[in-house]
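Chemist: Chain by chain, the residues:
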Amino acid sequence: MTPTDALQAWLALEHEAVWLHPVIGARHRDLLPRARTAFETHRDTRDALLRRIEGLDAEPVSTALTYDVGSLASANRARRAARDLEARISAACLTLAGVTEGDVRAYAVKNLTRAALAELTWGAKPRAFPGLP
Amino acid sequence: MGVAQATHRLDDVADAVGLDPKPQPDPEDDRLVRDAALQVSTLLALVEATASRHDGLALAPFEVILREQLAAVGGSLATTDAEPPPDDPKAALEALTEAFGDVAKTLRRDCLRAFSPALTRVLAAMSAGVAQCAQEIGDLR
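Residue numbers (the working numbering), protein chains in the order written: chain P, 1 to 133; chain G, 1001 to 1141.
There's no promise every hint is true.
Claimed, not checked - Cut-off 25 angstroms, straight-line C-alpha distance, at most; resulting in silico cross-link-like pairs (BS3-like, lysine-lysine):
#1 Lys125/P <-> Lys110/P
#2 Lys110/P <-> Lys1105/G
#3 Lys110/P <-> Lys1090/G
#4 Lys1090/G <-> Lys125/P
Unchecked claim - Here are some, though not all, of the chain P residues that point toward chain G, as calculated from beta-carbon distances under 10 angstroms:
#5 Ser71
#6 Leu72
#7 Ala73
#8 Ala75
#9 Gly102
#10 Ala106
#11 Lys110
#12 Leu117
#13 Ala124
#14 Pro126
#15 Phe129
#16 Gly131
The set of hints was computed from the structure by calculation and includes no laboratory data.
Cβ atoms here follow ideal geometry from the backbone N, Cα and C, with glycine treated the same way.
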């Protein structure tokens, strides 16, 4: 996988996060503050990734019309969808870290930690190796 | 340690966490593996000492995580001594939180120096896992 491919895979997940969190906030009032904070974080990350990828003269992947995240009918299922997405973002950041050096690797690792901590806010338990299979 | 031994050790680390090993014989990487083992073993000794002194604190999950990490980097607890934990449980948790935070930062710094992609990923993942533990232990206070 090239660094650009890894950035694109991460961007696709950030698109999904920007779609998911408003849905969670709209359906579950008790999750609204957390969903709003998560939305703002992922929106900013998405925008930063768009700039990085455009800076590489590549065409950023676009958002999908909708995403298959399973049922969000209950608050527990919504939390599960959010933490599963953060876990996939952790994996994407870790993949990027392994194929890059310098500032891009540092950026990937910083966001790996952010995603790993975000997993906890949605009910995950700590793991020995967040992002690894 | 020679290049062949260093390569073999990095293969073991990658294999232990399910990565496909890609040997990169770099002596600096082997030093990073040894440093990671020392960091985690010292932290594990501190957790065990704190759990022994304060048996009401639910620290077992963090011991499990550190043992898993220690196994991946081939470390040993036997050679590590821990500072005595504070008598006050809250102060002991604060000391643990700070210690986990320090190790997370060190592992994050070291993963930026790694040559091997597999080692980069292992150290980065360990850093994130230790940061998760720091957050959870902080919430126990």
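Chemist: Work down the list of hints and note, for each, if the structure agrees.
Modeler: How the hints compare with the structure:
For the hint linking Lys125/P to Lys110/P, the alpha-carbon distance of about 20 angstroms falls within 25 angstroms, and the restraint holds. A distance of roughly 10 angstroms separates the Cα atoms of Lys110/P and Lys1105/G; the hinted pair therefore holds under the 25 angstroms criterion. A hinted pair counts as satisfied when its Cα atoms are at most 25 angstroms apart, and Lys110/P with Lys1090/G does not qualify at roughly 29 angstroms. A hinted pair counts as satisfied when its Cα atoms are at most 25 angstroms apart, and Lys1090/G with Lys125/P qualifies at roughly 22 angstroms.
Residue-level restraint check for Ser71/P is violated (minimum Cβ-Cβ distance to chain G is 27 angstroms; threshold 10 angstroms). Nearest Cβ of chain G to the Cβ of Leu72/P: about 25 angstroms, over the 10 angstroms cut. The hint is violated. A cut of 10 angstroms between beta carbons decides the hint on Ala73/P: the least distance to chain G is about 28 angstroms, and the hint is violated. Because the beta carbon of Ala75/P sits about 20 angstroms from the nearest beta carbon in chain G, more than 10 angstroms, this interface hint is broken.
Contact between Gly102/P and chain G, as hinted, is supported at the beta carbon level, the nearest pair being about 8 angstroms apart and thus within 10 angstroms. With 10 angstroms as the threshold, the beta carbon of Ala106/P comes within range of chain G, its nearest partner Cβ sitting at about 6 angstroms, so the hint holds. For the restraint placing Lys110/P at the interface with chain G, the shortest Cβ-Cβ distance is roughly 8 angstroms, inside the 10 angstroms limit, so the hint holds. With a least beta-carbon distance of about 6 angstroms to chain G, the hint placing Leu117/P at the interface is held under the 10 angstroms criterion.
At its closest, the beta carbon of Ala124/P sits 8 angstroms from a beta carbon of chain G; the interface hint therefore holds under the 10 angstroms criterion. The criterion of a C-beta within 10 angstroms of any C-beta in chain G is met by Pro126/P, whose closest approach is roughly 4 angstroms, and the hint holds. At about 4 angstroms, the closest approach between the beta carbon of Phe129/P and any beta carbon in chain G falls short of 10 angstroms, and the interface hint on this residue holds. The beta carbon of Gly131/P is positioned within 10 angstroms of a beta carbon in chain G (closest approach about 5 angstroms), and the interface hint is therefore held.
Checked against the numbered hints above, the structure breaks hints 3, 5, 6, 7 and 8 and satisfies the rest.
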